[in-house]
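> Chains as they are written, first to last, in numbering that gives the first Met the number 0: chain D, 0 to 237; chain B, 0 to 237; chain Y, 0 to 237; chain Z, 0 to 237; chain A, 0 to 237; chain U, 0 to 237.
Identical copies go unnamed one by one, so any copy, or any two together, can satisfy a pair.
Cross-link-like lysine-lysine pairs, in silico, DSBU-like; alpha carbons within 35 angstroms at most:
hint	residue 1	residue 2
1	151	206
2	104	31
3	141	206
4	206	147
5	79	104
6	141	56
7	206	22
8	31	56
9	142	222
10	104	80
11	147	79
12	22	79
13	142	206
14	141	80
15	31	206
Honestly, the hints are just simulated from the structure, not real lab data.
This is what each chain is made of:
Number of protein chains: 6
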Amino acid sequence: MIRTSGRQFNEMRPMEIIPNFNKHAEGSCLVKCGDTHVICTATVEDRVPTWMRNSGKGWVTAEYGMIPRATGTRVDREAKKGQSGRTEEIQRLIGRSLRAVVDLKALGEMCIKIDCDVIQADGGTRTASINGGYVALYLALKKLYDNKVLFKMPLLDSVSAISCGICEGTALLDLEYVEDSSAETDSNFVITGNGGIVEIQSTAEGKPFTPAQFEELYQLAVKGTAEIAEIQRKALGL
Amino acid sequence: MIRTSGRQFNEMRPMEIIPNFNKHAEGSCLVKCGDTHVICTATVEDRVPTWMRNSGKGWVTAEYGMIPRATGTRVDREAKKGQSGRTEEIQRLIGRSLRAVVDLKALGEMCIKIDCDVIQADGGTRTASINGGYVALYLALKKLYDNKVLFKMPLLDSVSAISCGICEGTALLDLEYVEDSSAETDSNFVITGNGGIVEIQSTAEGKPFTPAQFEELYQLAVKGTAEIAEIQRKALGL
Amino acid sequence: MIRTSGRQFNEMRPMEIIPNFNKHAEGSCLVKCGDTHVICTATVEDRVPTWMRNSGKGWVTAEYGMIPRATGTRVDREAKKGQSGRTEEIQRLIGRSLRAVVDLKALGEMCIKIDCDVIQADGGTRTASINGGYVALYLALKKLYDNKVLFKMPLLDSVSAISCGICEGTALLDLEYVEDSSAETDSNFVITGNGGIVEIQSTAEGKPFTPAQFEELYQLAVKGTAEIAEIQRKALGL
Amino acid sequence: MIRTSGRQFNEMRPMEIIPNFNKHAEGSCLVKCGDTHVICTATVEDRVPTWMRNSGKGWVTAEYGMIPRATGTRVDREAKKGQSGRTEEIQRLIGRSLRAVVDLKALGEMCIKIDCDVIQADGGTRTASINGGYVALYLALKKLYDNKVLFKMPLLDSVSAISCGICEGTALLDLEYVEDSSAETDSNFVITGNGGIVEIQSTAEGKPFTPAQFEELYQLAVKGTAEIAEIQRKALGL
Amino acid sequence: MIRTSGRQFNEMRPMEIIPNFNKHAEGSCLVKCGDTHVICTATVEDRVPTWMRNSGKGWVTAEYGMIPRATGTRVDREAKKGQSGRTEEIQRLIGRSLRAVVDLKALGEMCIKIDCDVIQADGGTRTASINGGYVALYLALKKLYDNKVLFKMPLLDSVSAISCGICEGTALLDLEYVEDSSAETDSNFVITGNGGIVEIQSTAEGKPFTPAQFEELYQLAVKGTAEIAEIQRKALGL
Amino acid sequence: MIRTSGRQFNEMRPMEIIPNFNKHAEGSCLVKCGDTHVICTATVEDRVPTWMRNSGKGWVTAEYGMIPRATGTRVDREAKKGQSGRTEEIQRLIGRSLRAVVDLKALGEMCIKIDCDVIQADGGTRTASINGGYVALYLALKKLYDNKVLFKMPLLDSVSAISCGICEGTALLDLEYVEDSSAETDSNFVITGNGGIVEIQSTAEGKPFTPAQFEELYQLAVKGTAEIAEIQRKALGL
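One chain only, chain D, in its complex shape (with noise of 0.2 angstroms):
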């Protein structure tokens, strides 16, 4: 089987993150993954949502988006008729996977919400976020780091996550649009710096997989995040 991009079965898109992209932001970023371009803020506020109040413990939360024209086809803007049911089942993966990572006992009261504003789409737009998310998310603690509200870093360590799918009988790495459409078999994979779980969502369309394929997407994954780890770290200047 061959891609559309040219690119190996195990071949991730090229992939830059741009941080500090917002100027009023506490820490931010612009995320491409290919044509899969993501804009991430994260905002401090200083008190958490009231069933946290007292508790000592401070929370991370995201909200998703994408503009009317991202797609190749213009949806509908979300203001219009409400946030549908998979833009808040996204959100809840990014925060999810971000909290996994943090410390919250150590960040204290405060929260971070974590916005991803998708500005244009090419596949992998919710892991593209979590990529983005996090570097967002350790320069606004940084800052805060930074700035003596905090006294060490709340983090645990690094988040990093991934698409892949089975097309055609073929385990691929990091599907884009065309690629995702058709596959048999979607995933997605959120992965720690240390190799760590968080997250694992498998589904078929259609036809069930195999645990041998499973497997296949597992190996893929793994060697995914770790590349996308490695470019999180570059951005942050680590």
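Given chain D, work out where chains B, Y, Z, A and U should sit, using these hints.
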């Protein structure tokens, strides 16, 4: 680790499926997994959603709800506040899982709507919905087949679902509510009668899990879904 | 006129009340009036609505819902489209009817929420909800009394409800769906154990009715509610 | 018991109906019942709701609204918060009441929409809406008849409505706001010119009422609706 | 160009303001500009919006609505479909225009809510609302002053508004509906008694207008608002 | 008065337009006015809104949005709370401004949707949206023309927009956020390449302005829009 229910780590709760529970629906059952009770109905509609017209294929979709006092603490009625993202996520999971075993071409341009209404909850409501949804779907298709609307049963396989999780480091099968709410990792597996995998969702709540732990969860799920498939068969008199 | 069920004009459908149907609720029952089945739960909340704070009085309120395939033709889920005016009208009727027999001062600043969820419908769902709602309410109050939260039962009377109607010129007791949908006049009566009237709703669908016809309907309702009061007492073990 | 207005227990407030109040509507009036003022307009539409297409029958429907400062305390605009269940209940009552005197077959496939907008409220807004709505409806039908769109007036009877209630044990006709808000029982009667009953709604607020009390309320309503029918006739020049 | 009404290009429609039109409101009037009729009420609230608390300043805000058959063709009730952007834009304009002549500090921490409800429309409803809104506001403030809640009238000036437009190349004052709907340019001017400008909104519908044409429109507006200020003064007995 | 940016009273911020910023849209650009950055895309649809069908004319419409952290303080996502009246007002302004230079008949029955998404805000987002929206619109029309879908460019003129305001009594061109939020008068002008006026919005925040002050604002706007027209031409390679 001793489970509050006295169950073994790899032991499911008692499960019962009462077919034809509803007078009006084309297919229906009441599924009981321990104290989790779900009414599943299948409604046959003679037309498919607009975007599928003239495709020659049918559709299977699902909706999910919970009566307000299904849970220990009353939750506000979704009719008042709108469906949550969690509800929509569950609905899509149920629909996807059932479609994976249906030959949509053989079904023809009809739509089967599966309604899963939880009347009492104690963990595992989404997997119970898939298990009961399959039975309701089977009964509705059987009726169409018996009435010669369909000339063969458009089912490719059976499908069953189970939750597993890691509590205090131990992998457990079929979490009830108290286990689920303290689990470090929470997983749902949807597996067909022939062992094909339809869906894996595995999520760390806080601490990441290891590849070895994931393997344990998967093996428990294989055991559990095989037992459920047997209970489904009996309920259907097969 | 011969009723499809073979019942006499003044004969109710078989009615059954199964108390303590729900594991979590403070009071609950499943009420069956023929093929109309309603789960009623009572939830005790330790505070009253804002506008009643510091009044020294309690409150009883009700919510009503129907699972989509409770009826012959599936109805869209209210969680998707919002509560209809009909639903709100029924909820207010149930709440008002139950409050008429509660001593709100003796209850003190607590709120009892009655949820009535129809799992199968065949006419008379609002009156069944009142009948079952009273049983759930009684059980919740009894629990508060047994636990010495209340020092007397804050109930002034029992309350029962029944529908009557005029079909082809004949007054009939306890309409089932086929009768209800062809009735010229449709009425609901809510009457207490002592014969006090809490609510009369009598509506001509098309042709007005005469004072004499109204008298017939009222007499049927007096008979029916007396029989229901007896069934409620038995279900409560009184 | 002395009424604040000095009225006898069986005395209505002064009532005035100004026909053709609105420049644009096919039929309209301003109805004043004491300090309750309602603008009623009838709009003729050349099509019926979807579910009535090709039935050969017409439809009459009503909508109800109140300007925010119609009442002593300003109420929030429904355009901002959505229509309440109370509003929908009133709308259905008005529509049902008017349809009871219309020969929908003779009307043919047209829809008459009655809008009742309360510009000042002092109790009895729903009954005033029915009384004025009938006049607006008559005028719109007359115009269709005069223009030879209809070949006979599709009216079977006239219809009038009045509220009654029990205050401090006494049955009173035509409650104004201060009476209504302290009434033990609140009733609305809709009665045709020939004495047919279209609707009885009788509700105890707290203490149940007796059959004898209900009889008193009914007799007051018979007297009141007869007087209103006369005022409607005069306004229409009949 | 001859106007359908026979008016001169610089001639306003007959305008009448009936003060104290509403029984309940602290200030009110019915304003009639030709066939455009608007009920304006002022409601005094003893608190300001949350974001103004403890500022020592008051607030004036406005809401706008239209009964469905105010217009030639019935428009759907906003209570059913929500407020349109046009309605919100008009509300903000009315509020802003009135605040421009109020000394908010002298008002103190109170809020005056102006409701403008159009009961018949024939063009110029937003400017009529400002003109009537000013009268209702004045009356409410006068009442507070007479009751010694305020120790001086917190008004800096009067305010009036008028529409102008260009039809077939001619600048016209005070457009009625048929003129407004065919105008090439549509303008609204809000001008104080002392000639200060509060708002200019001038919009080409299709073809742009020239600076010279704009000057003509402005001169018409100066003439019109001066005439309106006189009518407002008379209605207030000044 | 010295501007924080060091600009002269009649000096615009540096402005840059990057055409073809988006991979998918028929026309697009990123417009930067100082720190205000807006992505504008044009989507061509092969049909017009229902109310324009069979008119032989096309339509141009606009939507506007802002990512949550475009501003100094994060604003809630409109997808969660619905579009504000302010957003709808801006959308209508952009659409109206662009339609003023389009020959809708020459466009034929097609609809061009302009999406303006603010990714960073520092005042003047609505005028930046018009300026960028014109470029995106031009590029989309050019593509239709190059592809021979259109046989001439259906543009009558170019269009540009700029804000002006009065701060501490001085008229200033092109307000940035700190200036805008303290301005006594805030204006937006939309002017065509040939000097035709499409829109004037001039609003006093508190203190009214004089005719002479308005003239100053207008002259600034004439200068500013001429400069912008030049930048638009360059970006389009004209």
